[in-house]
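A.B. asks: One-letter residues, chain by chain:
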Amino acid sequence: MSFRPLQDRVLVKRLDAAQRSTGGLFLPESAQEKPQQAKVIAVGEGTRDGDALTPPSVKVGDTVLFGKFTGEKITLDGVEHLILREADLLGVID
Amino acid sequence: MSFRPLQDRVLVKRLDAAQRSTGGLFLPESAQEKPQQAKVIAVGEGTRDGDALTPPSVKVGDTVLFGKFTGEKITLDGVEHLILREADLLGVID
Amino acid sequence: MSFRPLQDRVLVKRLDAAQRSTGGLFLPESAQEKPQQAKVIAVGEGTRDGDALTPPSVKVGDTVLFGKFTGEKITLDGVEHLILREADLLGVID
Amino acid sequence: MSFRPLQDRVLVKRLDAAQRSTGGLFLPESAQEKPQQAKVIAVGEGTRDGDALTPPSVKVGDTVLFGKFTGEKITLDGVEHLILREADLLGVID
Amino acid sequence: MSFRPLQDRVLVKRLDAAQRSTGGLFLPESAQEKPQQAKVIAVGEGTRDGDALTPPSVKVGDTVLFGKFTGEKITLDGVEHLILREADLLGVID
Amino acid sequence: MSFRPLQDRVLVKRLDAAQRSTGGLFLPESAQEKPQQAKVIAVGEGTRDGDALTPPSVKVGDTVLFGKFTGEKITLDGVEHLILREADLLGVID
Amino acid sequence: MSFRPLQDRVLVKRLDAAQRSTGGLFLPESAQEKPQQAKVIAVGEGTRDGDALTPPSVKVGDTVLFGKFTGEKITLDGVEHLILREADLLGVID
Numbered sequence: 001m002s003f004r005p006l007q008d009r010v011l012v013k014r015l016d017a018a019q020r021s022t023g024g025l026f027l028p029e030s031a032q033e034k035p036q037q038a039k040v041i042a043v044g045e046g047t048r049d050g051d052a053l054t055p056p057s058v059k060v061g062d063t064v065l066f067g068k069f070t071g072e073k074i075t076l077d078g079v080e081h082l083i084l085r086e087a088d089l090l091g092v093i094d
Numbered sequence: 095m096s097f098r099p100l101q102d103r104v105l106v107k108r109l110d111a112a113q114r115s116t117g118g119l120f121l122p123e124s125a126q127e128k129p130q131q132a133k134v135i136a137v138g139e140g141t142r143d144g145d146a147l148t149p150p151s152v153k154v155g156d157t158v159l160f161g162k163f164t165g166e167k168i169t170l171d172g173v174e175h176l177i178l179r180e181a182d183l184l185g186v187i188d
Numbered sequence: 189m190s191f192r193p194l195q196d197r198v199l200v201k202r203l204d205a206a207q208r209s210t211g212g213l214f215l216p217e218s219a220q221e222k223p224q225q226a227k228v229i230a231v232g233e234g235t236r237d238g239d240a241l242t243p244p245s246v247k248v249g250d251t252v253l254f255g256k257f258t259g260e261k262i263t264l265d266g267v268e269h270l271i272l273r274e275a276d277l278l279g280v281i282d
Numbered sequence: 283m284s285f286r287p288l289q290d291r292v293l294v295k296r297l298d299a300a301q302r303s304t305g306g307l308f309l310p311e312s313a314q315e316k317p318q319q320a321k322v323i324a325v326g327e328g329t330r331d332g333d334a335l336t337p338p339s340v341k342v343g344d345t346v347l348f349g350k351f352t353g354e355k356i357t358l359d360g361v362e363h364l365i366l367r368e369a370d371l372l373g374v375i376d
Numbered sequence: 377m378s379f380r381p382l383q384d385r386v387l388v389k390r391l392d393a394a395q396r397s398t399g400g401l402f403l404p405e406s407a408q409e410k411p412q413q414a415k416v417i418a419v420g421e422g423t424r425d426g427d428a429l430t431p432p433s434v435k436v437g438d439t440v441l442f443g444k445f446t447g448e449k450i451t452l453d454g455v456e457h458l459i460l461r462e463a464d465l466l467g468v469i470d
Numbered sequence: 471m472s473f474r475p476l477q478d479r480v481l482v483k484r485l486d487a488a489q490r491s492t493g494g495l496f497l498p499e500s501a502q503e504k505p506q507q508a509k510v511i512a513v514g515e516g517t518r519d520g521d522a523l524t525p526p527s528v529k530v531g532d533t534v535l536f537g538k539f540t541g542e543k544i545t546l547d548g549v550e551h552l553i554l555r556e557a558d559l560l561g562v563i564d
Numbered sequence: 565m566s567f568r569p570l571q572d573r574v575l576v577k578r579l580d581a582a583q584r585s586t587g588g589l590f591l592p593e594s595a596q597e598k599p600q601q602a603k604v605i606a607v608g609e610g611t612r613d614g615d616a617l618t619p620p621s622v623k624v625g626d627t628v629l630f631g632k633f634t635g636e637k638i639t640l641d642g643v644e645h646l647i648l649r650e651a652d653l654l655g656v657i658d
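Residue numbers (our numbering), protein chains in the order written: chain L, 1 to 94; chain P, 95 to 188; chain B, 189 to 282; chain G, 283 to 376; chain W, 377 to 470; chain A, 471 to 564; chain F, 565 to 658.
It is worth saying that the hints were derived from the structure and are not from the lab.
There could be a bad hint or two in this list.
[Said to hold, decoys possible] Under the rule of at most 27 Å between Cα atoms (straight-line distance), these lysine-lysine pairs were calculated in the DSSO-like manner:
hint : chain 1 : residue 1 : chain 2 : residue 2
1    : W       : K435      : W       : K389
2    : A       : K509      : W       : K389
3    : L       : K39       : P       : K107
4    : P       : K133      : L       : K73
[As the list claims (entries may be wrong)] Every beta carbon over 10 Å from chain A, so not counted as near; a handful from chain F, in silico:
hint : residue
5    : R568
6    : Q571
7    : K577
8    : R578
9    : L579
10   : D580
11   : E609
12   : G631
13   : L654
Glycine included, every Cβ here is placed at the ideal spot set by N, Cα and C.
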């Protein structure tokens, strides 16, 4: 089963401690609403305005950082996922 | 009798437990305002701005997920339907 | 005497019980602010932005459904009419 | 002396009972903020955005209906007039 | 010394009783925030958005009417002047 | 050392009494938030929207008037400067 | 490990006293929300609207001044960094 986000939405899966990149990025565990790491699972086509399509700037597989969480939680294949808007993503960790 | 939604509106019918896709998507029943599954019954032509038409990104027959409900309820052929705006839809379940 | 609505406004006449389409659409009578049926009597030319005209998406004679009422009431030829904005219309009943 | 409204403004003169169209339009006298009839005396050129001009959709001599009054009162040649914005006008009575 | 208003700003000088046009326009003296007459002394070039310039719709020497005062007062050559935005002007008295 | 303002920002230095133009402009000293004179020291490139650049309408060396102060104070070479947005400037004194 | 900011976001590292430019810029240490100096470490591609890309106006290595802090804090390689939006930057110190 697959889930296709609409417009500027992005489906992500939070990374647990073992999966997080540890090459130097440190995000305090305890704090509320600190930036969090996640893996991009699916990406919407972007936003349309007439014929113009504003494409997304992240792709499936990217490790992203997001801050204040305003999305929806869903459970896919037994794992909690989040549906965020692309504007909620702060950046990509390479 | 048919109902043609206007602009970016979408007519959907909530899926009951038997009809829901169960291939891995789990949406808790008890919670308030958790995402819900629905079948798309009719779609508006999209929004117009002068000559430009922004087409809808879902089609009749799609199974969609929507979150916080802000639409209108109507009863068609004895079954409750919802009129949502396309922006209220989170994604399509394939 | 005729009334020509301006811009995106639509002049409608509420349908009474005998006139409503009963092919399957059920709208509870008692509830406040439930969607209501009406007949379109006159339609504005649409909204202009420079040379661009965004035309209306309903036409005279359409049976429309509208929700929360934010328009003006006027009496024409002894019958109460409503002046709505096109965005207040939810859809067309065919 | 003449007064030329600017942009999307319209100068109107309220119609008294004798002048109002009575072919079927009834507007209750007593109510507050009910739609009122007026004659268009002067019209601005419309709104400009760069080279684009959005022209007015009413013309001098039109009998118009307007609702909630948000304009300015001025007295011209001993008669009270109103300066409205075109968007405050509901429609034209022919 | 001269003052060049920027963008959509207009420099005006209020007209005193002797200078006001009296051909029929009556503006009550005593009321607060009633429309007032003024002479246009200088006009900004208009507002820019990229290459597009929206030019002003009044010119130096026009007698204008303005309503609720939201501008700045400055004294030029011993006389109080006002710096208004063009949108605060209601119309031109010819 | 130089400071290059970004976008529509302007770096200005307030003029003291000796430097102010006195050819007729009078700005009361005592009042709060009265317009003030300043010299333009540096100007941003303007605001960008895609390929379109909206250029600034003041240049280095202009004597400008500004009203309600919403900018940032910084000290450059021992002298207090202000970083304003161009929209805060009322006009240019020639 | 590298961090790529998205859209109009900029990754910066605050400059400590030894690193700050001292050629004449003085920013009081004690005050709350006074402008602060920082080095630009990474820059987003800019904001997209359809095909149009609004590019950033700062580049990696720039010393920038920013005011009221509304960004996110992250720790990269043991050093605190900030993720700001380009509009929060006041200017570049050369």
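A.B. asks: For each hint, tell me whether it holds in the structure or not.
C.D. replies: Hints, one by one, checked against the model:
1. Our distance criterion of 27 Å between C-alpha atoms is met by K435 of chain W and K389 of chain W, whose separation comes to about 14 Å.
2. Proposed proximity of K509 of chain A and K389 of chain W is supported: the alpha carbons are some 25 Å apart, at most 27 Å.
3. A distance of roughly 32 Å separates the Cα atoms of K39 of chain L and K107 of chain P; the hinted pair therefore is violated under the 27 Å criterion.
4. Distance check on the hinted pair: K133 of chain P and K73 of chain L sit about 20 Å apart at the alpha-carbon level, within 27 Å; holds.
5. Every C-beta of chain A lies more than 10 Å from that of R568 of chain F, the closest at about 21 Å, which supports listing it as non-interface.
6. No beta-carbon of chain A comes within 10 Å of the beta-carbon of Q571 of chain F; the shortest separation is about 14 Å.
7. The beta carbon of K577 of chain F sits about 18 Å from the closest Cβ of chain A, which is more than 10 Å, so the claim that it is off the interface holds.
8. No beta-carbon of chain A is positioned within 10 Å of the beta-carbon of R578 of chain F; the least distance is around 16 Å.
9. Distance check for L579 of chain F against chain A: the nearest CB is about 14 Å away, which clears 10 Å, and the non-interface claim stands.
10. Under the 10 Å C-beta cut-off, the non-interface status given to D580 of chain F relative to chain A holds; the minimum distance is some 18 Å.
11. At roughly 13 Å, the least C-beta separation between E609 of chain F and chain A is larger than 10 Å, which holds for a residue marked as non-interface.
12. Interface exclusion of G631 of chain F from chain A breaks down, the closest Cβ pair being 5 Å apart, not more than 10 Å.
13. Residue placement check: L654 of chain F does not keep its beta carbon more than 10 Å from all beta carbons of chain A (closest about 5 Å).
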